[in-house]
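Q: The chain contents come next:
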Amino acid sequence: MSLFDDYHPLKGKMFQILKPDGTLHLDMKPPVSDQEIFNLYQKMVFIRLADQKALMLQRQGRMGTYAPVWGQEACQVGSASVLRKGDWVFPAFRELGASLMMGVPLKTIYLYWMGNEEGSRAPDGINMMPVSIPVGTHPLHAVGTAWAAKIKGDKIVTVSYFGDGATSKGDFHEAMNLAGVFKVPTIFFCQNNQFAISVPRKIQTASETIAQKAVAYGVDGIQVDGNDLFAVYAATKEAVDKARSGGGATLIEGVTYRFGPHTTADDPTKYRREEEIEPWKALDPLVRLRLYLKGRGLWNDEVEKQVTEKAQNEIDQAVKEAEAVSTPDVEDIFKYVYAEMTPQLQEQMEYLKGTL
Amino acid sequence: MSLFDDYHPLKGKMFQILKPDGTLHLDMKPPVSDQEIFNLYQKMVFIRLADQKALMLQRQGRMGTYAPVWGQEACQVGSASVLRKGDWVFPAFRELGASLMMGVPLKTIYLYWMGNEEGSRAPDGINMMPVSIPVGTHPLHAVGTAWAAKIKGDKIVTVSYFGDGATSKGDFHEAMNLAGVFKVPTIFFCQNNQFAISVPRKIQTASETIAQKAVAYGVDGIQVDGNDLFAVYAATKEAVDKARSGGGATLIEGVTYRFGPHTTADDPTKYRREEEIEPWKALDPLVRLRLYLKGRGLWNDEVEKQVTEKAQNEIDQAVKEAEAVSTPDVEDIFKYVYAEMTPQLQEQMEYLKGTL
Amino acid sequence: MPRLNMVEAINLALREEMERDDRIVVLGEDVGREGGVFRVTDGLQARFGDDRVVDTPLAEAGIVGTAMGMALYGLRPIAEIQFDGFLYPCLDQITNHIGRMRNRSRGRFTCPLVIRVPYGGGIHAPEHHSESPEAILAHTPGIKVVIPSTPYEAKGLLLSSIRSPDPVIFLEPKRIYRAIREEVPEGDYTIPLGKARMVQKGKDVTVIAWGAMVREVLNAAEELKGDKINLEIIDPRTISPMDVDSIIHSVRKTGRVVIVHEAPKTCGLGAEIIALINEKAFLSLQSPIERVTGFDIPVPLLKSEHYYLPNPKRIVMAVKKVMSF
Amino acid sequence: MPRLNMVEAINLALREEMERDDRIVVLGEDVGREGGVFRVTDGLQARFGDDRVVDTPLAEAGIVGTAMGMALYGLRPIAEIQFDGFLYPCLDQITNHIGRMRNRSRGRFTCPLVIRVPYGGGIHAPEHHSESPEAILAHTPGIKVVIPSTPYEAKGLLLSSIRSPDPVIFLEPKRIYRAIREEVPEGDYTIPLGKARMVQKGKDVTVIAWGAMVREVLNAAEELKGDKINLEIIDPRTISPMDVDSIIHSVRKTGRVVIVHEAPKTCGLGAEIIALINEKAFLSLQSPIERVTGFDIPVPLLKSEHYYLPNPKRIVMAVKKVMSF
Ligand SMILES: Cc1ncc(C[n+]2csc(CCOP(=O)(O)OP(=O)(O)O)c2C)c(N)n1
Ligand SMILES: Cc1ncc(C[n+]2csc(CCOP(=O)(O)OP(=O)(O)O)c2C)c(N)n1
Ligand SMILES: [Mg+2]
Ligand SMILES: [Mg+2]
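Protein chains in written order, with our numbering: chain A, 1 to 356; chain D, 1001 to 1356; chain P, 2001 to 2325; chain B, 3001 to 3325.
Because the hints were derived from the structure by calculation, they are not lab data.
The structure presented is a predicted model; accordingly, all values stated were derived computationally and were not measured.
Using N, Cα and C, we set each Cβ at its ideal position, and we do this for glycine too.
Where hints are given, some of them may not hold.
Per the computed footprint, the stretches of chain B lying under chain D, defined by three or more beta-carbons under 8 Å from a beta-carbon of chain D, are [claimed, not checked]:
no., stretch
1, 3287-3298
2, 3307-3316
Ranges between beta-carbon positions, derived for each pair [stated by the list, open to error]:
no., chain 1, residue 1, chain 2, residue 2, range
3, A, L10, P, R2047, 39 to 45 Å
4, A, R59, D, G1012, 55 to 61 Å
5, A, A282, P, G2043, 33 to 39 Å
6, A, D154, P, G2107, 41 to 47 Å
7, B, K3195, D, E1347, 34 to 40 Å
8, A, D154, B, G3107, 22 to 28 Å
Whole structure, please, built from the sequences with the hints as guidance.
A: Quick look at the structure:
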């Protein structure tokens, strides 16, 4: 039996390997080696620090509105690390973690949030799509790309990331349904972080789990502990392997929590009390992994210090580089709209230059 | 246990009371009296004949494109007959049957298909909405109206009718989800007639049943034999009673078959063979009901002749009246767009009059 | 009289009208507990309960489509679409249903409702948060489209919109949500739909602008005083249906026109105003009409946004151009 | 050379181009087995298989959104939206995604694709089947909008659209799908995007029209010969970006202009053309430009449709009006 039968969403079980106390469930083991776990832990630390840096930059007026990933590191690292070169990722707007995992330089990511379109251009060869602000609309693109690969006979998969709020949008439904009908090799990764801005998960849908929405489309669905790196990894791996071998789409609901504000423009005290957050703090994906690694003799304060310092240096370097990029030229806003600039845009650009 | 538990869509059972041979399932009985059944049968005959008349009128160039109900009479009669004065119906475009059940005069219905907007105006006091051509978009209105009634404390329900194809649209999803979250007193009645124009049900969605889509929204869903008047009636009754008493929405999938073309503009031989239709012919909702009534001593050829003749006379009268209505005035296309005609429309109307 | 900004003025209008009319239901994403991402609906849920101030799931077509259903039943829904860029998923419901129901049912079914949308650029927002879709809406039969340009105007126009028997799209220029403070009376007053506002009388050039652009034009007018150029500034307020008479009246006087809008130039509302003037005041025109607009490109991210938006400098240049023709 | 109608010409173009380019995938409702409700894709699935000619579920945003995803991967999807009225659910994907991807990723990701849509009135169709949304599309950055007016044109323009590196919305005037038959060569030929067609040279009045309206204008021109009025008829063909030079050139010559379109008058494409002429040929104009258009109302049902649509009579009246100014 597959994971998706064992944890069929209507069985009411959430898939978890690593318990909050850092120990494993009986009969379960991590999906990767200790060395690899340590690597992934390092990534998660890097992501958390890069995220905090962005929040700080925004507060200092050095960055625009930013949507922090804080708390969702295991979802993004666990899932994206399963992917291969050639696979495609379609993020929402909170995917700093997944972007880094795909190999997008932090400098590029920062550039985007600093308000420079160059930040939406992943390096050649890295199939990381730009942020999708219109909620729930981009899973359709992931379906289309995966479908195209299937038609061409390429064994790649695509992953779209989105939130619990996104599942209410019509486009999400059309994407799931199309993926089901055409057995498209795509993973719908829902990071259920309990909120869509101020709207709590229970007002978002009366469905008991997000995972069970898969039932409407004849595709597999699974609810995993999104703060358990191992569970996220294992479930995504199984979904990706299935997709790659022609088994079609999967909806993964990663149950997690947004520790930070929705974006830097948001004041969460308006809609949630500190006490609500407390129990989730105990489920912090980094804390849990640290406990595990410590149990394996791979982590102590000294190690943490090294990991953190290394990350901080890299992050500071990325900030420096991003801030060294000069303001875009006036031509830049015109020249990429079409393959060739239209006479209208030529004229408008010349006019604009004459007014500066 | 309620019907909706017994026939939970994931149990893989279709709710049926009256078997195709006209006998009842063991331990089951019709939801209404013999007299009422006979009345409903008369309605169904009337609907079928009025439908055929429309097809004929179209062929003779006396009517525009028309979407026949042929085969779906039990779905519409069984469900709409459960409703009370004050309830609202939001049809798609194949609901001649439901319209008549709601009390819209046949003349009005014909007028619409003859291309006169007066045909979209139900008589005062009858809450039958105009046809909705954009597929899958109107269940949202039914949700909104039911929600409004709930807010006002009125004990009415709304019903939207739509097809299997409509369930793929994003708006259907948003409607179901909203109805689930706000426990709205509405019935989603899907007439799964196996086709969306040429697209067969199995290409429409990979979900095994339409009914199970309800699982995605935390609302009840049930698959019923849509050609069994009793099952449709009983399921709708239970859903309506539940809605009226605050139990929220239900998705009903009536499994039926479109005997005719999609519309008069359609040539079904392009996409289905005569042999495919044959097995469904045996399931014709009228045939089955006739067998039942015969078994109860309520039907014979003579009765049929009377029922038919009476219907034909009424239908002919409706045609006559509809055709006696004169072409709309030029003012009519301007004067209902806003509560008060805008200066722009005044001017455009004057101009147009000057060109006629 | 209290001096309010536009957010406060709209909030006040909503609050007062909800007291007066219990058919009003406010619905949208984050409008309840949070009070809206711009705080426009702040405190309403606490006051009127969560039946009348509803946080919805994230579904724009759903919000607008259910609002229509509510209006059919006799409620007066006020839906909020959180940002301009998320109005596109509603265009189907607006165009194919809301704008047509009265007409197609020959008056039997109507759906008076208001859709409030913070719109336009200038706040350094993320992508899709700076759109100006007014021309698309003005091209859509059966709806009215209203855009206030000051707090006082916002309250009076919103009250008229809520009481309108027709569906109204109410576009709120988010850039000036908190930028202007002026006296806004408590209590009931309305500004009629379909009537332009004479922002400033003048004799040399008619400048037509709405929303946040009115302020830019006023700044340009200030600069132009040095050149002894007097602008007559008209704010249509209701852009559909447009108050053509007021515009034509002014053009007959000045003979020179500049139109300012943030939306892309091609097929923007400016084009329609030019067409109307061409039709009704052709012989009065002493120079070609100038458009100062956004460009036919997506609104750039914040580092380049200033390139895109019309500003006083560009307006001054356009005025001088029509003056020197 | 075969004499084809527009349906056949488009079918031929699709067939030939699919032979040449195996990246092309056709997708939409009923495009496969059925061959499209207008038979435009007839026989394609039998020829190219159901991987390349795909019957989709009923989901317009889904069709267009997945087409975009396919294009990102290097396929050349040709999506069909069955009727104009069902394009509205796609406007979000078109405006917020398809038209922006190249720009926002600074050229890294592009999505060349074609969205074919039968559009316009005149066939006595049900509600929502007679819309003319071209102005909305022309107001949308990052896409091109093409409208053929004859079978020959349709084939050549479609081939250019498919090969265009930019997304193209291809509006097919369904009213003349079968009304005109003309010689359409087999084999490859293209008509460049962005270039207008001189339908007929003339000296008195420039008439600008596209799609099914070109035929109406030609009929009007016929009538006007009796009055010795010579029309110069221009079909922009690509309405975004518009071939402004051709229009201005003609206006400089004639000084009088009539624009004809089916879409509602207010904020229709006619307004933009007037605005352009105002900007670039102001002094050449000898009379106000006339618009012969649909009205600011929903297209009526069949019994009243004739009231709505521009016809030769109205065009003749407009021409005479600009002549007698
Ligand atoms: C279509 C659309 N509607 C509204 C918004 C405004 N908005 C941005 S994020 C958000 C909530 C998203 O919630 P969810 O999908 O759960 O993602 P999360 O932010 O929790 O990661 C909203 C309402 C938007 N960006 N797009
Ligand atoms: C949004 C939309 N897309 C496409 C169409 C064209 N169309 C009309 S009916 C139909 C199929 C509808 O199928 P279904 O929902 O199963 O209803 P049925 O016709 O079988 O009753 C299509 C594609 C439409 N009317 N609306
Ligand atoms: Mg969330
Ligand atoms: Mg069907």
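Q: For every hint, state whether the structure bears it out.
A: Status of each hint after checking the structure:
no.	hint	in the structure
1	3287-3298	holds (count 4)
2	3307-3316	holds (count 4)
3	A:L10 to P:R2047: 39 to 45 Å	holds (41 Å)
4	A:R59 to D:G1012: 55 to 61 Å	holds (56 Å)
5	A:A282 to P:G2043: 33 to 39 Å	holds (34 Å)
6	A:D154 to P:G2107: 41 to 47 Å	violated (57 Å)
7	B:K3195 to D:E1347: 34 to 40 Å	holds (36 Å)
8	A:D154 to B:G3107: 22 to 28 Å	holds (23 Å)
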